[in-house]
Amino acid sequence: MTAVQLAEAKDRAAAWGPSSVDEVLAMTIPLPAVAGTKPPWPPELHGRALDLFKEAGENPPLWLRMPDFERNEAVMSAITAIAEQFEGSGNKHCAEICRQQLDYVVPPIKPGGLSTVELARYLREHPEVSPVRAMRKEAATLEESMHFWALCANGIEGAARSAAQRILIAHPYFVCSGRRMKMPLKAALWPPHIRLSSANRNSPAKVRSTSQGSAAKCKRWPEGAAVPLNAPSSAGMIDLPGQ
Amino acid sequence: MLVAGMLSGAACGEDYGPVNAARALHQLSGWRCSLNLGCPISKDAYGALTGALAGDREAQYRVARLLQRGDGIRRDERGATGWYGKAAEQGHVAAALELNRLRHEGADVPADEIKIAAALRLEVDKGDRDAMRALADMEVYGRGVPRDAEQGTALLRRAATAGSPAAAKDLSNLFLRDAPGIPRSPAEAFRWMAESARLGNAAAMLNLGSMYFSFPSVAMRDPAEGYRWLMRAALIDNPAAQEMLSGVLSQGAMVGARTVIPPDPIAADMWFVSRRARHFTTMRASGCKSSRT
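So the sequences go chain by chain: A and B.
Count along the first sequence from 1, then add 1138; that gives the number in my numbering.
Count along the second sequence from 1, then add 62; that gives the number in my numbering.
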């Protein structure tokens, strides 16, 4: 927050006075306007990566910019930018993980997806293309785009950062946690009727389960806020603060 | 200094609980306390103690409050519990409610619970909704009366239907906790918490807001409604709601990928500052020092 914003918050707090119960019960409380405001951070983005994105300020570099998840191409370029940043810092492993997420965001090669025969032919003709991408049947939903972007973006971690390093994170601080984002090495669940070239061995099932597994492992919500509605309740019990 | 020390130290360590209060009061020299000259307890406490010993239930409740807070008299929780018990035995409803709270916190309550239950029943018959709450708790947990969860919840329903927000909240809490003989039911808990909030209970508004954000059943979660109830509780100056609202506004809230509450750092900070300011004011007013915000 800027000093101006802090001052405004302080002024508002000073000017505020409590209302009576009757007044409050009679009030219609409007929700804050969503249009034109910055959307919330995806709940799956967490830890130091989230801090980095928050601290990047108003005009962050592309790789530190939260994309418009409604625009498929914006998500793709954001993931690509993060992957390039990883590559630039010599972290091929993380770059590869990010590029892998692209497979889940790109539109299908053919609306409705390729048939088995078409798919086999396509993969033979394009050994460099990931089978995940080739098997896509429909465009990624908003939630999916957000999820796969967050899987890539969570790889960004900043170590000790000074104020001067907030916007452009220098090379040594740009790291990807291999512990949290492990790459599957071999395809185990690939449908047997499709022959794999050496370039497209990562099965979608394996990749998906591994990625989602690591995301679930790292999932945690800030207390009391931004809880996505599909989040599992940790204890199955309600934590009531006012009791 | 020596005289002052002797005067003020005269009743140091005295026990003002119901058992020893008469002796302790006797030891206080009457002229010192009636003229307020070096009396070791405040005038208010002296007056309340005199009334309490004479059997006035309102005075007994007042002494209990003063002892519990250490207001004008040395703090003595056990003594306070004893006086609450004496007042409750005479049908003082607020004292009985406080005793229930203390029991749930694990305090040892030296009071005749059968007498308390009988006295409360008289108040219930007069239609006192808080007496219904107090007696309902005793019935649910079988204190002073045979355990009867059904009758206890019926009593709470009666009080809630008669417009008691606290009774509705009590009922909700019973459905949330593992109360004996009452199966846990988040849906019933939610329903009664909403009722309590609608009746104007600030803590219920906060709880309801919290439930809308983190209810175990995903279908019942609704951050928009949660925000509204948190805002209502915050507007009537509930510090916990202000803090939670600050958190919600700081992070924003989503349903799937749809933004419901956009992050608003200024509003978030405003509520945080308000809560903190009031926290310090309260701490200053109660003469306490706070080490954390």
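No lab work stands behind these hints, which were simulated from the structure alone.
The structure displayed is predicted, hence computed values, not measured ones.
We put the beta carbon where it would ideally sit given N, CA and C, even for glycine.
Where hints are given, some of them may not hold.
[What the hints assert, rightly or not] Per the computed footprint, the stretches of chain B lying under chain A, defined by three or more beta-carbons under 8 Å from a beta-carbon of chain A, are:
id, region
1, 258–272
2, 305–318
[What the hints assert, rightly or not] Quick partial rundown of chain B residues pointing at chain A, CB under 8 Å, derived from the structure:
id, residue
3, 164
4, 184
5, 207
6, 286
7, 294
8, 298
9, 322
10, 325
11, 336
Earlier hints that do not hold, by number: 3, 4 and 5
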